[in-house]
Amino acid sequence: MPGAQHSSQSAGPSGRRKWFVIGVAILCAAIAYSWYQTRPDQPPQILSPAANVAPSPASAPLSTTQSAPLVPNESPGVATSRSNKAEEKAQDQAEPTENGEPPPPEFVRLAEEVTVSIPSLAALRTLSAAEVHHTPEALRTAGRELGRMVKALNDNPKLYPYGIRYYERCALNETYPDTVRALCFADARNFLQKAGQSLADFAQAEQVPLRVRKLAELI
Amino acid sequence: MVASRLFEYTTQTRILLQACRSTLGMAIAVGLTGLALGCSHSGGGSNSPEGGDDGRVHNTGVPNRLQFASSVDRRQGEQIDTVLTYLYQSPIPADWRGLDQMLSLMGLADASPKSLQDWFEDRVAYVVDENFDVEQHIKRVPGTFNYPNPDEFPPEWTDAQPMISATISADVSAAGERAVASTAATSKAQVVMVNLSGGVYLYGKELGSLMEVDIDGIGPVRVTSPRVGILKIGPGMFSLYQGSSAETNKIFQASTLFHEARHSDGNGTSTSFAHVICPVGHTYQGLLACDRAANGAYTVGATVQRALMESCTNCDESSISELQAMYLDASTRVLSGEVTLPYKKPVTYDAEPIDYDASPEGQR
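Residue numbers (the working numbering), protein chains in the order written: chain Y, 1 to 219; chain H, 1 to 364.
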């Protein structure tokens, strides 16, 4: 029968097509699962306090292999030096304490928002004389966002380890303007003190330029 | 001719002038304030009693001696009232830890709201709007005028032309190229505030003639000293910082007012406390956004800001952190140590900050 013949003739290609579709589906599922594991918003089940808060102070210094925080702001007309945003973002999120506990998702989100608000030195250097005669808006915004993190830590001392680590990385980030680095250094110093520690626990403090450390002493 | 000399200066400082709409006025302002595009923001107050809806500025807060050009937007003008009133609402405590330093810096006996207001009003008397074109409002008063220190000018004034020329030379450093590029960007920048009187004064001094500025609704004002104090204000502040708290904005505005007021101080080589070009490696390298003076406009503005910030009872963590960022930003602008200017032929010098003589030249 013409129909049967047709069916029989198409059985081969149809079967191959079916396996091809199944293969693609598996591949997509694998990609989706991989994305799910690394996406910013972690599933609610890991929000349990026991799993997310590190009661111990953050005494662990930054690893030299850790990348600096994100290089930020993509305001119109302003170039940024952000290179591998996704990778850096993931690293920022997965910043565990020394006992390996990841930060709470709320903190991760906050850290991302703060990071994105920070203008890079390169971005500030594209501004005009008129725009920098007084503090550029981008720096004001970054200061305001860093203040949100201060509030979060003040409200929840269990976040100290994550906040301090964030501040340390910020202070070490050479792509940030001195103003931001100094503000982060001062915040790190303040919360280390609140945590019963000192700058001696900021093992890489000496790598923060003297001019930045001296600037931080002003506040 | 007066105009030709002004135009010459205007042309040579075009890169700076474009930052604000009024070319000559800005040029003068820039030159006077050390070529610093003294674009800060401000608001206004007035001598007029409250009432009326004639579009002019009316005092809504503490009485003050400021006189506003008739063209000043009422809302902007009244913002100065708000800021001056804030000094009274959030006074600096007598036991504030930085008080002695502040008093020494500003030559004050105390930091009461009245003393601060007087300090400001001794340096600022007139407020004009962002469209005020000095070129259209300035004229030479016939006869000669005996200026104090007739042969002394700020280095930033006399160096202005070569500095700018070097910066915008065709085959220059990256900083120079950026300066050229920034010229286009400045057209988008809004005027916040600029002190005009220092530039007008120095221009007249260079000519040996007294200059007179005709201000709408006020009449001719003779610029016998930078202390005559003519501020040009614009809308920049109101559109730029809407994300900040009201408290933060008031403190920032107050800081800006005192910063600009400082440009009415100085004499001889320190006249107007001119800004200098930021050196290589600085966040603002190549731009006129730094000070050599330890007691210059950035220091004064930052000190007032810090005093108000640390006296603020309604500032939350975000506000404090934002104000700290502004304080640190201002602090980075006072140069120290060995610096190199980004000229075609780089110039290196020791910029250890020094106190300039703040006593005024001439009399209002």
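None of these hints come from the bench; they were simulated from the model.
Don't be surprised by glycine CBs; every beta carbon is placed ideally from N, CA and C.
Take the hints with a grain of salt, since some may be wrong.
If you anchor each label on the Cβ, the simulated ranges turn out as follows [stated by the list, open to error]:
{"#": "1", "chain 1": "Y", "residue 1": "N154", "chain 2": "H", "residue 2": "P346", "range": "41 to 49 Å"}
{"#": "2", "chain 1": "Y", "residue 1": "N156", "chain 2": "H", "residue 2": "L108", "range": "37 to 45 Å"}
{"#": "3", "chain 1": "H", "residue 1": "Q136", "chain 2": "Y", "residue 2": "E206", "range": "38 to 46 Å"}
{"#": "4", "chain 1": "H", "residue 1": "R65", "chain 2": "Y", "residue 2": "A203", "range": "35 to 43 Å"}
{"#": "5", "chain 1": "Y", "residue 1": "R211", "chain 2": "H", "residue 2": "A94", "range": "47 to 55 Å"}
{"#": "6", "chain 1": "Y", "residue 1": "A200", "chain 2": "H", "residue 2": "P155", "range": "43 to 51 Å"}
{"#": "7", "chain 1": "H", "residue 1": "R75", "chain 2": "Y", "residue 2": "R211", "range": "53 to 61 Å"}
Checked hints:
Range check, N154/Y to P346/H: Cβ separation about 46 Å, and the 41 to 49 Å hint holds. One distance hint, 37 to 45 Å for the beta-carbon pair N156/Y and L108/H, holds here, with the actual separation near 42 Å. Range check, Q136/H to E206/Y: Cβ separation about 58 Å, and the 38 to 46 Å hint is violated. With their beta carbons about 57 Å apart, R65/H and A203/Y fall outside the hinted range of 35 to 43 Å.
Between R211/Y and A94/H the C-beta distance comes to about 34 Å, which lies outside the given range of 47 to 55 Å. Range check, A200/Y to P155/H: about 45 Å between beta-carbon atoms, so the 43 to 51 Å window is met. Taken as a hint, the range 53 to 61 Å is violated for the pair R75/H and R211/Y, whose Cβ atoms sit roughly 41 Å apart.
In this structure, the earlier hints numbered 3, 4, 5, 7 are contradicted, and the remaining ones agree with it.
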